[in-house]
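Novice: One letter stands for each residue in the lines below.
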Amino acid sequence: MIEIKELKKSFGSLEVLKGINLMIPKGQSTGIVGPNGAGKTTLIKTILGLVKPDSGSIQVNETVLNGNWQYRRNIGYMPQVARYPENMRVHELLEFIKGLRNQPAQYETELIEQLHLGPELQKELRTLSGGNRQKVGATLAMMFNPDILFFDEPTAGLDPKSSQKFKERVQTEKENGKTIIITSHIMSELEQLVDHVIFILDGNVRYYGSTKNLLAESNEERLEGAIASMMEMA
Amino acid sequence: MNSLLLHIAKNEWKSLLRGKWVVGYGLIFLLLTDSLLRFGGGGPEALLSLSNVMLLFIPLVGMIYGILYIYQSREFIELLLTQPIDRKVLFWGLFVGISTPLMLAFVIGSLLPLGWHGILIKGAAASAMVLGLGAVLTLIFVSLGFLFGLTFYDDRIKGFGFTIVVWLFLAILYDGLVLMLVFMFGHYPLERFVIAVSMLNPIDLARIMVMLEFDVSALMGYTGAVFNRFFGSNMGIIIASAMLTLWLAMPAWIGLRVFKKKDF
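These protein sequence lines are chains R and G, in that order.
Numbering-wise, my numbering comes out as the position in the first sequence, counting from 1, plus 103.
Numbering-wise, my numbering comes out as the position in the second sequence, counting from 1, plus 33.
Hints are computed from structural coordinates only; laboratory data are not their basis.
Even glycine gets a Cβ: it sits at the ideal position worked out from N, Cα and C.
Some hints here could point you the wrong way.
Listed next, with one range per pair, are the computed distances between beta-carbon atoms [as the list claims (entries may be wrong)]: (1) G/Phe202 with R/Arg229: 32 to 40 Å; (2) R/Asp157 with G/Met268: 44 to 52 Å; (3) G/Lys43 with R/Pro138: 41 to 49 Å.
Here are the simulated DSSO-like cross-link-like pairs (lysine-lysine), alpha carbons at most 30 Å apart as the crow flies [stated by the list, open to error]: (4) R/Lys121 with G/Lys293; (5) R/Lys277 with R/Lys129; (6) R/Lys129 with R/Lys201; (7) R/Lys111 with G/Lys53; (8) R/Lys111 with G/Lys47; (9) R/Lys281 with R/Lys264; (10) R/Lys155 with G/Lys191; (11) R/Lys201 with G/Lys294; (12) R/Lys201 with G/Lys295; (13) R/Lys281 with R/Lys111; (14) R/Lys201 with G/Lys191; (15) R/Lys155 with G/Lys53; (16) G/Lys293 with R/Lys155; (17) G/Lys43 with R/Lys226; (18) R/Lys111 with G/Lys43; (19) G/Lys155 with G/Lys47; (20) R/Lys155 with R/Lys108; (21) R/Lys121 with R/Lys111; (22) G/Lys294 with G/Lys53.
Derived contacts from chain R toward chain G, CB cut-off under 10 Å, selection only [what the hints assert, rightly or not]: (23) Leu125; (24) Gly152; (25) Arg175; (26) Tyr187; (27) Asn205; (28) Phe253.
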């Protein structure tokens, strides 16, 4: 469960979040959409504690965020740009994060197999292609079996096959009752993965509801059309 | 908490050793010290030459190294911050992981030639002081580099520019500027002022300590001479090292504050 109240954040004179209110219940899969620079990544980073809000409150499960870190034991995050220390090997990175989190990596082998990372494990991270780095990011996000999963543009660098595998995996997580939050510009992908949409524009939540309702309200067949018409109206 | 700190530091050590250039940095000091001792008569004067190089070189390398680490590891630091870990532990883990190899490279690189030329036994106190000062300066300037990297997080050119200017100012211009001030206001009693001013520069403090230890007032520079006259050798060394300790704590502490509050 994630509850956000009147969340505001400015960078200098630029107001990025202008009073966000959100309540994301446990087990819901939610897509965050909006034009570039609308504040999607800042919102996620604020929930993760990377960005400190100016005002407002965030509650993750039972914890109200105030610079604490324990609540992140229940969170997995896959970043948009995955860059790691260059001369580290993939398996060393996995070991390192395991040591850091000190939690059982339940799904490590499963994910490595599913995303076909086996042949990459002994390679140095700098020699990995962008897509394979994304897979490492996905493995790091999901291997500790956290309750809440954040994916920031997850399939941007993945080939179709890996993208398919990744989506299947997210589906499984969804069926296991995980809270999933995805930002993406690929609407067809969101259509497959999420059942709720948050549309953010200029630091405000313009729409928050189920994808079904959105399609019904906007008289569109596809999410792409619905979102596009919302962007145009704005 | 401490085991986590060590876990982070160890990871940095591993990746630095693999990068090899820290080893190269140590080798430079090894070759330098060895040739200074070989061709400089082999006496403790070689230590003086070594400390001159060290006073110039270590602050620059330390700062560049610290700031470069922050710039190169942005995404990695951000990834680590999304893990369940305290920012404080992460900061100290990275700092210890980054600064200690550089420090050890200098200490070991200089220690070995001092050992096989016998200076370590002949001039034990002086050797210990030069090595210790180099180690402390490394820590101070890596933490300054960290601090500048965090402050100018999004503007690398500014960050590097600032670093170079700070180095030029502290390592090269400082004593000259002090001298100029003294020259201009020579009619006033300036001793206390000069002492206060030299406390503000860690490189100056280290230089003064070396000079006081070797008792070479001719080479002391203006601030050193005043220091010597005001405090005498022993008291001067004690006061200067107290100030250096403060310098050791301040940039790291400010860096930690910035790191804890920062938006990544």
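Novice: Does R/Lys111 pair with G/Lys53 here, judged by a C-alpha cut-off of 30 Å?
Specialist: Outside the cut-off at roughly 45 Å; violated.
Novice: Does the structure keep G/Lys293 and R/Lys155 at a Cα separation of 30 Å or less?
Specialist: Holds: G/Lys293 and R/Lys155 sit about 10 Å apart, inside 30 Å.
Novice: Below or equal to 30 Å on CA atoms is what counts here, so check R/Lys155 against G/Lys191.
Specialist: Cα-Cα ~24 Å, so holds.
Novice: Is the Cα-Cα distance between R/Lys155 and R/Lys108 30 Å or less?
Specialist: holds, 14 Å
Novice: Holds or violated: 41 to 49 Å for the Cβ distance of G/Lys43 and R/Pro138?
Specialist: holds, 43 Å
Novice: For R/Lys201 and G/Lys294, compute the direct alpha-carbon distance and say whether it is at most 30 Å.
Specialist: holds, 26 Å
Novice: Given the hint that R/Lys281 pairs with R/Lys264, does the C-alpha gap stay at or below 30 Å?
Specialist: Distance ~24 Å between R/Lys281 and R/Lys264 Cα, so the pair holds.
Novice: Can you tell me whether the CB distance of R/Asp157 to G/Met268 sits inside 44 to 52 Å?
Specialist: holds, 50 Å
Novice: Given the hint that R/Lys111 pairs with G/Lys43, does the C-alpha gap stay at or below 30 Å?
Specialist: Given that 30 Å is the threshold and the Cα spacing comes to 38 Å, the pair is violated.
Novice: Please check whether R/Tyr187 passes as an interface residue: C-beta within 10 Å of a C-beta belonging to chain G.
Specialist: Cβ of R/Tyr187 sits 6 Å from chain G, so the hint holds.
Novice: Would the hint linking R/Lys121 and R/Lys111 be met if the CA-CA limit is 30 Å?
Specialist: holds, 5 Å
Novice: R/Lys111 and G/Lys47: Cα distance at most 30 Å?
Specialist: The given pair, whose Cα atoms are some 41 Å apart, is violated under the 30 Å limit.
Hints 7, 8, 14, 15, 18, 19, 22, 23 from the list above are not met by this structure, while the remaining hints are.
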